[in-house]
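With the hints as your guide, set chain L onto chain A.
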Amino acid sequence: MAETVLIADGKGSRRRRLKTLLSALGYRVLAAGSGAAALALVETARLRVVLLAARLPDMPAESLLQAIRERSRDATQLVLCEGPGEVSMLKHAADGFLLPPLHADVLEVTLRGACERAALRRRLREQPVRIERRLEERFRQRLETERLLVVKQIVDKISTFIGRIARDVEGGVRYFNEVPYFVSIHDRQARVLAASRPYRLLLGAHAGDGSGSIYEGESGEPGGCPVGRTLATANAQQSREVVRYRSGAKVPVIVHTAPIYNDNGEVELVLEVSAGTQDVQRLREDTQNTQQRYQLLFDAVPCYLAVLDRGLIFSANNRAFIREFGDRSGAAFRDVFYLDDEAFLSSPVHKTLTDAQSRHGEMTLVGPNGRRYHLLVWTSPISTAAGKLMQVLLIFLDITQIRELQSNLASLGLMIGSISHSIKGVLTGLDAGVYLLDKGFQKKDDAQIESGFDVVRRMVNRMRKMILDILFCARERELQRTTVEVQAFADDVVETVQPKFDGKGIRLECDFKGLPASFEVDADMLRSALVNVLENAVDACVAQGLYREPRAVLRIEAGDDTVDITVEDNGIGMSTEQLQNLFTIFFSTKGSQGTGLGLFLTDRIIRQHGGQIAVESRPGHGSRFHMTLPRSAEGKAQKA
Amino acid sequence: MPKKILIIDDDPVIVKYLQAVFSDNGYASCEAGSSMEGLDRVRQEKPDLITLDIQMPGEWGPRFYRRLRLDKELKNTPVIVISGVDGDHAIKDAVAFVRKPFDPEKLIGIIKNTIG
Chain A
1 MAETVLIADG KGSRRRRLKT LLSALGYRVL AAGSGAAALA LVETARLRVV
51 LLAARLPDMP AESLLQAIRE RSRDATQLVL CEGPGEVSML KHAADGFLLP
101 PLHADVLEVT LRGACERAAL RRRLREQPVR IERRLEERFR QRLETERLLV
151 VKQIVDKIST FIGRIARDVE GGVRYFNEVP YFVSIHDRQA RVLAASRPYR
201 LLLGAHAGDG SGSIYEGESG EPGGCPVGRT LATANAQQSR EVVRYRSGAK
251 VPVIVHTAPI YNDNGEVELV LEVSAGTQDV QRLREDTQNT QQRYQLLFDA
301 VPCYLAVLDR GLIFSANNRA FIREFGDRSG AAFRDVFYLD DEAFLSSPVH
351 KTLTDAQSRH GEMTLVGPNG RRYHLLVWTS PISTAAGKLM QVLLIFLDIT
401 QIRELQSNLA SLGLMIGSIS HSIKGVLTGL DAGVYLLDKG FQKKDDAQIE
451 SGFDVVRRMV NRMRKMILDI LFCARERELQ RTTVEVQAFA DDVVETVQPK
501 FDGKGIRLEC DFKGLPASFE VDADMLRSAL VNVLENAVDA CVAQGLYREP
551 RAVLRIEAGD DTVDITVEDN GIGMSTEQLQ NLFTIFFSTK GSQGTGLGLF
601 LTDRIIRQHG GQIAVESRPG HGSRFHMTLP RSAEGKAQKA
Chain L
1 MPKKILIIDD DPVIVKYLQA VFSDNGYASC EAGSSMEGLD RVRQEKPDLI
51 TLDIQMPGEW GPRFYRRLRL DKELKNTPVI VISGVDGDHA IKDAVAFVRK
101 PFDPEKLIGI IKNTIG
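The listed protein sequences correspond, in order, to chains A and L.
So for the first sequence, the numbering used here puts the first residue at 1; every next one is plus one.
So for the second sequence, the numbering used here puts the first residue at 1; every next one is plus one.
Just chain A, with the same shape it has in the complex (with noise of 0.2 Å):
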C-alpha cells in the first residue's frame, strides 16, 4: 500500500515538480497550496509525511506545524527552507529540514526515513493501546470465568441448603434427601450454565446444552421449556413435566423456576430446580407406610410406653399409656406421677438421662388419678447418630396387680396361719370347759359345772368376735353414713364395753365435752372401731399386773367441725416396734389372745370416716390411743 505525502507549499512550480518527484518514488501524494487547503486535507487520509514550506502564503509554518501535529500525530513533518535562518526558527516544531537544491536522490532518502519514522511512531503510540486492549479480553475471560464460578457456587449452595433442610426438617421434606433433585441455572439463550451433580449425572446434561434439552414433548422445545417460558414471561414458573434420563427411563417431575434478575430489571439467569414426584410420592407413601406401622406397634404394645425429653417433658404416649393416664404430651414427667426426689433420683428414668445408659427396675408412683402404681419400668436412651442423649424412651409394666395380689396372698398365708392358732385355741377352750362341765357333773360338783359354763360362753364369745372380724376384713364395708347424737353413741359404746371393764376390775373414766352434739357416722362401724380400743386397753391393764390400780379413760371431745376422741390407759404399753407396726393386718400384741385384726380394722375404719388414729406409748406405762373424726360427711371419706 502506497504511503501518502502531503505537500502544502504556496509556490505552484515546486510544488508540482516535487508532486511528480514523489509520486515517480510511488508515493500518494497529496497537494494543497494553502496552510488552510493542506490542513482540509489532513483529515481525509494517514498521513506519512508531510512537506511544508516554510513560508505559506495564509499562516505561518509554525502554526499550521502546530495544528497537524494535533490532526495526526504520527506523520513526519518536514519543512522546506530557503536558508539556515527558516531552520533556526522552527527547529523545535519540525522534525526535518530540506534545502535546496532538492536533489532528487536526497529526497528519496530523507522521504523513506520520514516515512519509517511515522511508521515507528505509530506503533510505538498504538503499542499501549494494543497491551490495554489484551489486558482487556483477559479480564473480560476471567470475569465468565468468575461468573461461571460463581453460578457454580450458587448452585452447590443451593443444593447442600436443600440438602440440609431436607435432613433439618422433618415430616415434609424429610424423603426429599432421598429423591434425585436436580438445580441448574440456565443463561438468556435458554442454556445450560450450571448444573447440579444429579443434574449431570442422571439427565447427561451439560453446561451450554439447551434448556429443553432434558425433557420430553412440548417442553423440549427451548421456547416451550420451562426455563423459555420464564425467559419469555420473567415470570417464576411451577409446572410437571417429563424427564428423560440418560439411562432412558421418563420421569415425572415438578419442575420449580425462578428469573434472576440483573442491574436493569432485564432476566438474566433463570433458576430451576426439579425433583421426581414419582420418587417423592412413592418415598412419602414408605414412610408413611412406616411411621403407621411403628405408630401400630407403639399403640398396640398392652405396655404403657412414652418418650420423654431432656426436659422430662413427654414427647409421646401410646395408646395403653393414654388409656391410663391420659395424652400428657407436652407435660412434665413429675407433674403427672408424683414420687419424691429421692424415689426419682434412684429411679432408671434418672439414671437413663443422667448416663444414657438402658436400665430396668422398679417404681412406686402415685399417678394423675391418685392411685398408686407398682410399675416395672425400663428406660432406653434415643440418641442421634454422634451419640448425645435426645429422648428417653420408658416402657413400663403395670404390676400393681400382681403386687397387691402378693400382699394378699401373703395376707391370706398370713391370715389362715392367724386364724388356725386362734381357732386352735377356742377349740382347746372348749375342750375345757366340756371337761369342766364333765367332770363337775360325775362329781356333783356345781361350782365346776358353773367354771365350765363360764369357759364354754366365753369361748362362744371369743369366736363370734373372730367370725365377725374376719367377715369385717374380708368385705368393706360401704359407710351407711346416719347423723348421730354422740352422747347417745358414746354411752352405747360404754355399756358395750363394761362388763369387760368391770370383770377384769378395772376402773373406765369418761369425760365428754361440747355436747350435746351429733355427728355423720357409720355407728355400728364406728362402734366396733372404738371396742377393739378399748378392750384392748383391757387386755394392757391386765397384761400389767396389779403393779398400780389399773384404769382408762375415755374422753369425747366435740368442736365446730370434728369430734376427738381418745381413750387412754395405764396397762403394759408398747415398744417402738410394736407401734410401728399397730396397724397392720394380723399383728397382734397378745400371742394366742388376739387375731391381729382389731386395730387393723378400727383404722380402716377411721380413715373410711376421713379421720385420723395417732397413737402414743411407752412401755410400762401405759397407751393412748387419740381419734380425730369429721362432724360431717363433708370432710371427705378417704379409701382404706
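Check each hint, because a few of them may be wrong.
No farther apart than 27 Å at their CA atoms in a straight line, the calculated lysine-lysine pairs in the DSSO-like style are these [what the hints assert, rightly or not]:
1. A:K424 <-> L:K106
2. L:K46 <-> L:K72
3. L:K46 <-> A:K424
4. A:K500 <-> A:K465
5. L:K75 <-> L:K4
6. A:K424 <-> A:K500
7. L:K106 <-> A:K444
8. L:K46 <-> L:K3
9. L:K106 <-> L:K75
10. A:K443 <-> L:K112
11. A:K439 <-> L:K106
12. L:K106 <-> A:K443
13. L:K106 <-> L:K92
14. L:K92 <-> L:K112
15. L:K92 <-> L:K3
16. A:K444 <-> L:K92
17. L:K4 <-> A:K439
18. L:K46 <-> L:K106
19. A:K465 <-> A:K424
20. L:K4 <-> L:K92
21. L:K3 <-> A:K439
22. L:K46 <-> L:K75
23. L:K72 <-> A:K424
24. L:K4 <-> L:K106
25. L:K46 <-> A:K443
26. A:K500 <-> A:K513
27. L:K112 <-> L:K46
28. L:K4 <-> A:K443
29. L:K3 <-> A:K444
30. L:K75 <-> L:K112
31. L:K72 <-> L:K112
32. A:K424 <-> A:K504
33. A:K439 <-> L:K112
Going by beta-carbon spacing under 7 Å, a handful of chain A positions derived as facing chain L [claimed, not checked]:
34. I419
35. H421
36. K424
37. G425
38. L427
39. T428
40. G429
Derived from the structure by calculation, the hints contain no laboratory data.
Ideal Cβ positions, reconstructed from N, Cα and C, are used throughout, including at glycine.
Just chain L, lined up with the frame of chain A:
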C-alpha cells in the same frame, strides 16, 4: 405326796383346764402366767414336771426354757410343750410336744410315763 406339775400358759382357760385334768388324776399343780413369774415359781415350787406354752407374748416361752436349762438345779426338770404352733422345734429336748387342742388322757399318759 403327790407329784407337782407347773403349768405355764397365758390363757387362764387353759390353766383352769389343766389344773382340773391334773387334780382329777392325782397330781398337784401350780401355775404361772406370762412374764418372768415362771422362773421364780420353778425355784419356789420345785415342780416334778413343767407344761409350757411357747406361743406367749414376747416370745417368752423359748427364752424361759433356755434360762431353765442354764440353771443346774432345774435343768433336769422334764418339760412338756403344749402349744397351738405347728412344728416349732426351738425346744429340742422336751419330753413331748403336745398340740392344742389335746386329748387329756393322752397328756396324762405321757406324764405318767415320765414321772409316774
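Of the hints given before, which are not true for this structure?
Structure breaks hints 3, 16, 23, 25 and 34.
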